Each structure stands twice: as structure tokens, then as C-alpha cells.
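Novice: So the sequence lines, in the order shown, correspond to chains Y and A.
Take the first sequence: its letters are residues 1 to 467, numbered as in my numbering.
Take the second sequence: its letters are residues 1 to 234, numbered as in my numbering.
Keep in mind that the hints were calculated from the coordinates and are not lab data.
Small disclaimer: the values here were computed from a predicted structure and weren't measured.
Accuracy of the hints is not assured; some may be wrong.
To be verified - Pairwise CB distance ranges (calculated): (1) Y:Arg275 x A:Asp70: 42 to 48 Å; (2) Y:Asp329 x A:Glu207: 19 to 25 Å; (3) Y:Asp329 x A:Gly153: 49 to 55 Å; (4) Y:Arg282 x A:Ala200: 39 to 45 Å.
To be verified - Derived BS3-like pairs: lysine-lysine, alpha-carbon spacing no greater than 30 Å straight-line: (5) Y:Lys463 x Y:Lys357; (6) A:Lys95 x Y:Lys357; (7) Y:Lys6 x Y:Lys187; (8) A:Lys78 x A:Lys7; (9) A:Lys95 x Y:Lys233; (10) Y:Lys333 x Y:Lys405; (11) A:Lys228 x Y:Lys333; (12) Y:Lys357 x A:Lys78; (13) A:Lys228 x Y:Lys357; (14) A:Lys95 x Y:Lys299.
Claimed, not checked - Just a sample of chain A residues kept apart from chain Y, beta carbon distances all over 12 Å, derived: (15) Ala19; (16) Ser26; (17) Ser41; (18) Leu48; (19) Thr87; (20) Arg89; (21) Asp104; (22) Ser140; (23) Gly174.
Ideal Cβ positions, reconstructed from N, Cα and C, are used throughout, including at glycine.
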Amino acid sequence: MKSVPKLIRRFTGLLLLSFVLLVAVNLALLIVIASRQVGTASPWATADRVAANLSRTETGFALSAAGADALQSSGAWAVLIDNDTRAVVWHSENLSASVPSRYTLPEIAGLTRGYIDGYPAFTGGTEYGLMVLGFPKGSFWKHMWPSWDYQLIAHAPQIALAVIATNLLVILLIYAAATTKALRSVKPVTDGIRALPSGEPVRVKAAGLLSEVALHINSTSEVLQMQKRQLQKRDTARANWIAGVSHDIRTPLSMVMGYAGQLQSSPGLTQEERRQAAVILRQSQRIRNLINDLNLASKLEYNMQPIRRREENAVALVRQAAADFINDDPDGKYPVEWTTCPSLSVCRISADRDLLKRAVSNLIQNSIRHNENGCTIYVSVAEAGPSCVICVEDDGVGAADAQIKELNAAPHYMVCDENTAGQRHGLGLLIVRQIAASHEGNVLIGHSRHGGFAVKITLPMIKKPRP
Amino acid sequence: MNSAYLKDKRILLVDDEKALLELVASILQDGGYRCLTTAGSVSEALSLSEKTRPELAILDVMLPDGNGFDLMAQLKQKGDYPVLFLTARGEEEDKFRGFGLGADDYIVKPFLPRELLYRVTAILRRTYREEPELVPLRDSAIDFSRAEIIRNGEHIPLTAKEHDLLSALYRSAGRIVTIDALCEAAWGDNPFGYENSPMAHIRRIREKIEENPSRPVSLVTVRGLGYKLIVEDK
Chain Y
1 MKSVPKLIRR FTGLLLLSFV LLVAVNLALL IVIASRQVGT ASPWATADRV AANLSRTETG
61 FALSAAGADA LQSSGAWAVL IDNDTRAVVW HSENLSASVP SRYTLPEIAG LTRGYIDGYP
121 AFTGGTEYGL MVLGFPKGSF WKHMWPSWDY QLIAHAPQIA LAVIATNLLV ILLIYAAATT
181 KALRSVKPVT DGIRALPSGE PVRVKAAGLL SEVALHINST SEVLQMQKRQ LQKRDTARAN
241 WIAGVSHDIR TPLSMVMGYA GQLQSSPGLT QEERRQAAVI LRQSQRIRNL INDLNLASKL
301 EYNMQPIRRR EENAVALVRQ AAADFINDDP DGKYPVEWTT CPSLSVCRIS ADRDLLKRAV
361 SNLIQNSIRH NENGCTIYVS VAEAGPSCVI CVEDDGVGAA DAQIKELNAA PHYMVCDENT
421 AGQRHGLGLL IVRQIAASHE GNVLIGHSRH GGFAVKITLP MIKKPRP
Chain A
1 MNSAYLKDKR ILLVDDEKAL LELVASILQD GGYRCLTTAG SVSEALSLSE KTRPELAILD
61 VMLPDGNGFD LMAQLKQKGD YPVLFLTARG EEEDKFRGFG LGADDYIVKP FLPRELLYRV
121 TAILRRTYRE EPELVPLRDS AIDFSRAEII RNGEHIPLTA KEHDLLSALY RSAGRIVTID
181 ALCEAAWGDN PFGYENSPMA HIRRIREKIE ENPSRPVSLV TVRGLGYKLI VEDK
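The shape of chain Y in the complex, shown without the other chains (with noise of 0.2 Å):
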């Protein structure tokens, strides 16, 4: 299905785009926590000011009130070292009376990590030694043993990079894994769905993530199958009894017929008589056609009827049916005229000879029931483009633009669901209609050049082979 790989690349998108966007904010959030702890909040930077604020007097050392400021507002206690007794010669006020007042180089070195008695400690250099303030206990961790490789450092952002893209690599491994086997249980799902409107059984595998689907799918196609068999089975009765009424109708039909016939030509009955013979024989031949038509066009219908299709010249087809109407129609009052191109002597068609003969005869029986009083048609072949386009018109009565809008575009009451009572045309334009579409042709009614109607049959035509 086009649809899943399309869905993937979507995901896909979205996943990097998630993690590229999680990055970001990521590093925005540190970024604005971090700032929050330098600056002029920063316990070093408290330490330096308050050094900076020191100054020594006449008889001693005085913090200037800014400095004083900066200790209160931190909540600190401050002491200064002296830088070669490392004895505490200044304090803050409110040094807690725990805090040495004399210190050895380790400790100097260990608070400058670290607390002075719990008191996270931060120091700011003087000229006269060094400032330590003790921030309130709990207020600062600090890191006791900060250290870093140098190359790790000089590296960081191509570090940074490296881990960010394993980070994606993992993650997109996962995804894939994860999709393939999702997919691997979608795809015969996805088949399976777009193998259901093609009438074919179709059975899925219930296994995977997507069982429960592949079960929905396996019954729906039984549906599907069983609805199938049903309506094929309901037209093949209605085939087979029309078939059934019409082989019935044959045997007392032939009965009719023969006897009308021999009355016709009897010498022992008046000629009215013999004429009303005739009238019974016509008919009879009507109701015959009128079966024979029903039986094929429902045998169409259905699909029941076998069409052998083999390479045929519709030329010779067309002109051995116009010939074979004329042998029959002994009074010649419905001269046909061979109107095709004289230099158009084959035209190549995949073509049942008989049910295409039966087409082409039925369209000069229709010109001939709608014409009573006689009428000349002309038949032709002819080629348009890849196709073949057979013609059978006449110069007789015709029909009216609406009537002939009817025909090209209403269904045959046979083959119509709705109310058929204004329907009265007969089978012979739908079988041919049958025919043309049996071998992926249509046909199409319209107003003939020479007065009358024309019906044209177009057929798909072989292409010549080179010689």
C-alpha cells in the first residue's frame, strides 16, 4: 500500500522534529537556571565584593556599608586571613564562635573546596590576605573535587554532537524495530483491505498486533462471497428460466409456424385466407425472435452466454451480414447499400463471428421495424484512429433529438431497477448494446446522414503487424 511508507517518513518527521525541539528547550531551561546562579547573586561574587569593600583603618580594618549590605543580604558571615600570620584579624559581626580563628595552609586549601564547619565557604581576594564568607548552612552545595580532563573540556562540542547523535541513532534503531514489526502485521491487514473490493475470497492471517482487524477482514470477505454467490446464484435461475420458458415455447411454436406456413401456400383456401395465414406466420416469427432475443440478452446480462472471440476482419464479417439480410428478404423492400470505402478491405477485431453478425442484423432489423413503409440502409466499416467503427443507418422516419437522448442514456427495462412502464423499445438495441460491450466496444445512437436513424458500433481494432 502507498499509503504506509508515506505514514513512516511522517512519523519518522515528527520524531526527529521532537527531538531536535527537545534539545532546544532542554538546553533554553539549563541555560536560564544557570544564569540565575552567576551573577551578582553568585556567592563568589558576594566573597569579591565584600573583599573589594574592605579597607583598613588606623586601627584595624573597616567593611564599608555596601559591603555590609552584601553580607546581610546573603545572610553570610565574613572573616579575613592574614596573609602571613593566616590568623583571622577581621570578622563579620555575627561569626558563629565555632569558626577557627587560626588556620594551616591544608585548610585554607580544603575550605576554599569545601565548609569551614559546615558553612559552605567562598573566598575573595585582599591585599592584606585572604576574605572567607560562610554562607548559612544548607544554602550551597559545593563540589568537593571539581576536576576535568583537559581534552574533554577542548572537546566538549564535538562531544556534545557525538552524543546527540547517538542519542538519535538509538532512537531511530528503536523506532525502526518497533515500525518494522508494527508493519510487519499491518501489511497483510493493508492487502488484505485493498483485496476486498475485488470480489476475490480474501483470508488474512490473525496473528501479530492487528489479529482482531484480521479477523474483521476474513469475515467481511465471507460476507462478501456468500452475497456474491447468492446474487449469481439468483441469476443463473433467472437465466436458466428464461431459457427454461423459451426452449417450452419452441416445440408449439414450431407447430404454429409450420402449419400457418403450409396454409399460406395452400392452393385449397381463398386468398384472404391464405393472407391471414400469412399474418399468423409473421407473427409466430415475432414471438420466435422475440424469444431468441430474451434468451440472449438475459445470457448477456449474466454473463451465461460463452463468447469465443478470435481474430476476425470486420469488414468481411459486416458484408457477409448484409448479404446474408438480403438472401433472406426475398420482396427487396429494404434495399441495403454497402456504403464502406472500397479501398478499406480489412479491418483487424478480436470478435465472436456470430454474436456480432447477430448485432449487426439486429440493427437492420430495427431500421426495418421502424420503418414499415420501406426504407434504403446503408451499412459500412469504417477505421477511426485505433478503432473500428460500424455503421448501419437508413433514410427512413428517424426519431426525435429527445427520443434519441432516451436511447443513448436509459437502461433497458431489463436490466432497470426502477419503474419501467414508460419503457416500450425492444430488445434488439440492448443486445447490441451487450454485444458491443462483451468485446470492450460501445454504441452510439444518433441522427443518420441520409435522414433516417444511425446506430454506430466502435470496437477496439488489432494493430497490423509489420510486414
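Start from chain Y and add chain A according to the hints.
Specialist: Quick look at chain A alone, frame taken from chain Y:
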């Protein structure tokens, strides 16, 4: 065409419908056929065929004790004569089956009396040719056995192609034979090769059979469709 000699041919009619048997017999009798035997079942047909040795059988397909196709096979074992099916089964498969088994013709009920007569006569003529037969035309006669035309006492030989074309026209005498059917008759079953045209041959045939070849009366053209051979006593 002289078909009087055919009227004495023995014809066996088999159908389970008695009324239809009567009708067919009556049509054939009207057509001049005198030697008719009727049977209503396979067994009756087989026993009658022993006695009468028919020269043509007209069979229904559906019979009370079997079917016409099997009956035909049994009849053909005993004697080689033509069989015509006359049946209400109009399905293509039945027709193909009948022809496939060797039937000579297949007529679907209901039928016109003259259609039946025409086909029976055609089968008999095909099967029981009376040689030599002279086909009378307006200005001449055709002697197919010698492949020549007799005009004004003169014997004009026909070429092989002219003979083939005339035979095809004569088989459907009085009816249009299409150009395509003529080509097929003379040059074989090749509906797509039109290197051959019957026109030149037709012209030469006319020179032989017609008094005035440019105004033909026996071999007439049906424009665009084909030609028609007019035989005099038909």
C-alpha cells in the same frame, strides 16, 4: 436445378412429440418427399433404421429414452448418411456439440416450413450428387464434372480458380456470395490476405458464360457486397 431425383430418398424422422412428427412429415410431403418413416424414441428409431435403411435422418435432441446425439452415433455405425438436428435446444453449446459429433445441419425450433425444405434439399444434394449435372444458365450451361462451359454448342474449359469460384457461387445459387467468401473458396481460409481479388476471374467467367459480358444476366454484381449466380430453373 434438378432435384427431382432427391424426392425418393428415404428420410427417418425422430421426435417424441407426435404432433411435430406429423407437421414435419406434412411439410416434407408438400415438398415432394415420399419415403418418410417416423419414430418417437431411440429404440424405435434404431429398429426402424434396420428395416428402412434411411438416407437422411432428422433427429430431436431430447428423446424419452436417450438423446439425439447418442442416437446419431449409433445410427452412423450402421450406415453413413447425413443427419439433421431439429430441436428446441438453441444453445450454442448444443449446436457445437451436434456439429462436433458430425451432424450435417442443426435447425432450432421454431422453423419456417420452407427453411426446413431448403436445408433438407441442400443436404441431400450435397450428399447424393447426380453426375454429370449440367447447370443451366441463361446463355450457357456449366458442366462441373468436366470443368467446362457449354455455350452455343461450344465447350469452353474453366481454369481451376474459375471452377472453384463458380462452385462456390452455385452452392448458394440465387443468393449473394460475398467477395470474402469467394476469396476463401478460391484461395483458402485467409481473411486478411487480399493480394488476390476475384474480380479478374469473375470477368473471365463472364466472358465464358454470358452472351454480353458487360451486361451480365447470370453472374450479377451486388455492389460492394459480392456476386450472385442466377440459375435458370431455380
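Novice: With reference to the structure, classify each hint as holding or not holding.
Specialist: Comparing the hints with the structure gives:
no., hint, result
1, Y:Arg275 x A:Asp70: 42 to 48 Å, "44 Å, holds"
2, Y:Asp329 x A:Glu207: 19 to 25 Å, "31 Å, violated"
3, Y:Asp329 x A:Gly153: 49 to 55 Å, "39 Å, violated"
4, Y:Arg282 x A:Ala200: 39 to 45 Å, "43 Å, holds"
5, Y:Lys463 x Y:Lys357, "22 Å, holds"
6, A:Lys95 x Y:Lys357, "17 Å, holds"
7, Y:Lys6 x Y:Lys187, "14 Å, holds"
8, A:Lys78 x A:Lys7, "23 Å, holds"
9, A:Lys95 x Y:Lys233, "25 Å, holds"
10, Y:Lys333 x Y:Lys405, "29 Å, holds"
11, A:Lys228 x Y:Lys333, "19 Å, holds"
12, Y:Lys357 x A:Lys78, "38 Å, violated"
13, A:Lys228 x Y:Lys357, "21 Å, holds"
14, A:Lys95 x Y:Lys299, "16 Å, holds"
15, Ala19, "6 Å, violated"
16, Ser26, "7 Å, violated"
17, Ser41, "16 Å, holds"
18, Leu48, "22 Å, holds"
19, Thr87, "8 Å, violated"
20, Arg89, "7 Å, violated"
21, Asp104, "19 Å, holds"
22, Ser140, "24 Å, holds"
23, Gly174, "8 Å, violated"
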